[in-house]
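Asker: Sequences listed follow chains A and B, in order. Every letter in the first sequence is one number past the one before it in my numbering, and letter 77, counting from 1, is 77. Just remember that my numbering sits 81 ahead of the position in the second sequence, which is counted from 1.
You may find that some hints are simply not true.
Said to hold, decoys possible - Straight-line Cα separation of at most 27 Å, DSSO-like style, residue types lysine-lysine; simulated pairs: (1) A:Lys45 - B:Lys217; (2) B:Lys924 - A:Lys68; (3) A:Lys68 - B:Lys737; (4) A:Lys32 - B:Lys887; (5) B:Lys212 - A:Lys56; (6) A:Lys27 - A:Lys45; (7) A:Lys68 - B:Lys217; (8) B:Lys212 - A:Lys45; (9) A:Lys26 - B:Lys924; (10) B:Lys755 - A:Lys68; (11) A:Lys32 - A:Lys17; (12) B:Lys887 - A:Lys27; (13) B:Lys755 - B:Lys737; (14) B:Lys215 - A:Lys45.
Honestly, the hints are just simulated from the structure, not real lab data.
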Amino acid sequence: MKKELSHIPQNHILVPKHEKLTDKDKKSILDKYNITFEQLPRILKTDAAITHLDVKASDVIKITRTNKTAYETIFYRRVIE
Amino acid sequence: MNEQIPVHKIVNSISFGLISPKLVKKLSNVKIVTPELYDREGYPVDGGLMDIRLGVIDPGLKCKTCGSKIKECLGHFGYIELARPVVHVNFVKVILDILRGTCRGCGKLLSESEDLAIDFDEDVDFQEARKETKGKISDLRKITKCPHCKAKQYKVALDKPTNFVENEKRISPIEVRMRLEKISDEDVSAFGINAAVARPEWMILTLLLIPPVTIRPSITLQSGERSEDDLTHKLGDIVRINQRLFENINAGAPEIIIEDLWDLLQYHITTFFDNALPQIPPARHRSGQPLKTLSERIKSKEGRIRHNLAGKRTNFSARTVISPDSMLDLNEVGIPKEVAMKLTIPERVTEWNKDYLKEFVKKGPKAYPGSNYVIRPDGRKKKITSETQEQILEELQPGYLVERHLMDGDISIFNRQPSLHRMSMMAHKIKVLPGMTFRLSPAVCAPYNADFDGDEMNLHIPQTEEARAEAEILMMVQTQVISPRYGLSIIGCNMDAISGNYILTRYEEYSRKDAVQLLTEVGHRDFSRIPKKDVISGKEVFSMLLPNDFDFEGKTRTGSPVIIKKGILKEGYMDKSNLGEGQGLMLRNLHKKYGSDKNIEILGKIFRLGIKVLLRHGLTAPIGNTDLPKDVRGEVDLTLSKAQEESYQLISDYHKGVLDAFPGRSVEETLELKILELLNKSRNDVGNLVMKHADKHQHLPIMVDSGAKGSSISMTQMVACVGQQALRGKRIERGYKNRTLSSFKPGDLGPQARGFVENSFKSGLKPHEFFYMAMTGRDSLMDTALRTPKSGYLYRRLANALQDLKVEYDQTVRDASNNVVQFLYGGDGIDVSKSENGYIDVKKVVERETGGKK
Chain A
1 MKKELSHIPQ
11 NHILVPKHEK
21 LTDKDKKSIL
31 DKYNITFEQL
41 PRILKTDAAI
51 THLDVKASDV
61 IKITRTNKTA
71 YETIFYRRVI
81 E
Chain B
82 MNEQIPVHKI
92 VNSISFGLIS
102 PKLVKKLSNV
112 KIVTPELYDR
122 EGYPVDGGLM
132 DIRLGVIDPG
142 LKCKTCGSKI
152 KECLGHFGYI
162 ELARPVVHVN
172 FVKVILDILR
182 GTCRGCGKLL
192 SESEDLAIDF
202 DEDVDFQEAR
212 KETKGKISDL
222 RKITKCPHCK
232 AKQYKVALDK
242 PTNFVENEKR
252 ISPIEVRMRL
262 EKISDEDVSA
272 FGINAAVARP
282 EWMILTLLLI
292 PPVTIRPSIT
302 LQSGERSEDD
312 LTHKLGDIVR
322 INQRLFENIN
332 AGAPEIIIED
342 LWDLLQYHIT
352 TFFDNALPQI
362 PPARHRSGQP
372 LKTLSERIKS
382 KEGRIRHNLA
392 GKRTNFSART
402 VISPDSMLDL
412 NEVGIPKEVA
422 MKLTIPERVT
432 EWNKDYLKEF
442 VKKGPKAYPG
452 SNYVIRPDGR
462 KKKITSETQE
472 QILEELQPGY
482 LVERHLMDGD
492 ISIFNRQPSL
502 HRMSMMAHKI
512 KVLPGMTFRL
522 SPAVCAPYNA
532 DFDGDEMNLH
542 IPQTEEARAE
552 AEILMMVQTQ
562 VISPRYGLSI
572 IGCNMDAISG
582 NYILTRYEEY
592 SRKDAVQLLT
602 EVGHRDFSRI
612 PKKDVISGKE
622 VFSMLLPNDF
632 DFEGKTRTGS
642 PVIIKKGILK
652 EGYMDKSNLG
662 EGQGLMLRNL
672 HKKYGSDKNI
682 EILGKIFRLG
692 IKVLLRHGLT
702 APIGNTDLPK
712 DVRGEVDLTL
722 SKAQEESYQL
732 ISDYHKGVLD
742 AFPGRSVEET
752 LELKILELLN
762 KSRNDVGNLV
772 MKHADKHQHL
782 PIMVDSGAKG
792 SSISMTQMVA
802 CVGQQALRGK
812 RIERGYKNRT
822 LSSFKPGDLG
832 PQARGFVENS
842 FKSGLKPHEF
852 FYMAMTGRDS
862 LMDTALRTPK
872 SGYLYRRLAN
882 ALQDLKVEYD
892 QTVRDASNNV
902 VQFLYGGDGI
912 DVSKSENGYI
922 DVKKVVERET
932 GGKK
């Protein structure tokens, strides 16, 4: 029952870049911050910004945001159902 | 008495469940059988509600159950055997769900195949599981035939608060209980109930647990009469009715009488749990005030949780009205002598300070500085009175504590609610002053958000050396100067201090003698840097307060440069953008270069210098400052009348139908927008005229230009024209049909008819103009009155949600269970309180580290 979106959010200027991490990168992130997978912030699998990525639960998404004070910040989120 | 051994255990888990009748008996020591409390001698009756086996409340007596004395014995439970079962009000909703979801005949879940059971032995998130099954369970009520025994199902309704109705016939609690008993443990789990600890039939009470007397102590009045607790009263009612019900049943009374008594018992037990239910008249005292029963004890603001557990009270504190004293240091607080003589600081007697402390004891509690109490080494506290004084003086020796009055220089913690900030509680040094209010420097109003229109503040006195040291190192005003919110000085000059320094550094000149006098008054003693001249400019006087190696470049409010070199103000003048609270980098740099103690000293001097300059110069807002030269007045009037004429032109265009609409707007909207723009522009033009022709040496413009108070708009409103009044972003259009006031023609769209105030506050408003202002005034009053509590609550919720986030050593932000919230604090890892307005000036850092070399 997936709803088709009429436009593609990733192309919009205000939507930050979302990428799927490889398993290797995923592990290095968890090691870097010394955390378990569950301690990552979450993102819904159905989130409009990652519909183009073909993700499954247990994937990690890398989000690159820009803002006025910090220029570029990187966030990681784990995909949940 | 055997010695008590403390037991240390770690709580591993808590399980919540219902109390079963079996458990009631196990917990209890007494069976309550009689509503009487005391016999004729005033001795508690055995089996009564005040049975001595339920615990002790009288000093000197020993508990019959455990043998301990008052305060050692926590009390013991009793129970009543109810003649007929009764529903527990707080569970009616759950019972209803269960009745609707199960078969009335066989007690099985009314679901054919679906496995709704939750296994509580497994480590499942049963809150989630419960949520999942909830929807399915509520669908079960629509099933009319049991899939297991094929029995017909009826609709079960709730006749609030405690009666269940099926088929318009009431189901008695006995019947309800029987149905609940039939349900298997597995089926019960589908409702989210773990049958191991909470069988559903336990929600129908057959035995009632009686709380120990220790939670419902009776009070002995002065007359020797006993007054019982509300709970005891309620329990008395329950026991009485229960007894009568028993008797009637045994005597074989007619069913109607038994039913009535049963209902009454249900009512009493219901109100025993909760006396504030909407459908039930609350049980009352003879005086008419409602009884406070179990729920009311716990619930709401006056309840146990918010009042007694979350709300704490403290000793060694004071509260009174605050008032300003600009001659106080920023980190001082002036307190009344009366307060200083009530609040004390404990000082330990040693060989070396014995004589010093004896002086305080000699003065006693009535003279200042004296002392109120002496604490012996064994911990006993002795009040100093004229009778005990001599004896105390004699026995005073090392090891004793003397609680002496507060004196100048003692550390206190000063606080104003709401404490939204860490700067809402700062440590101040005590200064004992005459008068009955707390005094503080106007410069520290900003962090407390205080003013002097009747504000009250609280004062706390730390009682140990450790607490005092901690307050001094972490909480003193000087350590809180840089706001962790935006990395600038939150403490600075305001009002008079700004206009004073503005006048000083821009216009004033002093004779050498006057300059020295002025500097002396603000507490400056180093005159070595005063130029060897007869006439000393204000800039030079101001410069004396700055350290001689301070360099700074900045801008004034108007954008002209301010240059300080080697501690001398070379160019520019001081105004709000450099001295103000939370503005500019001058104060930030002073703090960074010279540290918090020196910074607060300089800041205090600058502040007082401003005040002292004004004291000599004088500053007021005379009516003359609102005068305009005749030609300017003419120009103002012309601008205004032209704007009005133009708007009439627009209106006539509109009526003729020749007005072109803006894209996406109707013609009416276009007209409104155009008129609004026209009138606002005219007001701005008039404002510019006023400011251009204002005499910069007059006091009103000085206040506006320095940023001390007022703006160009507020000046224009006094001098030339108040301007358009707006409601909801539009011109005023409400009131009568098609007009704002009855003095206008219907449909009049002219400026005057739609809220334009052409007059100034000085020239005086016309009646309709006055009314327009009253309209917008009322609107903004309502707005603030509604917004303040809303935004306050919003902030509180935010603060509560974020309270245990912290920055870890790897610069990630984590919550209480170590989940990552941010991967780098703030996205840039900058500690704002160590930055300058949120930024790190890398160039400056490099320069400092390399000593200016490239």
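Asker: Tell me, in ascending order, the numbers of any earlier hints that this structure violates.
Answerer: Checked against the structure, the hints that fail are numbers 3, 7, 9 and 10, while the rest are satisfied.
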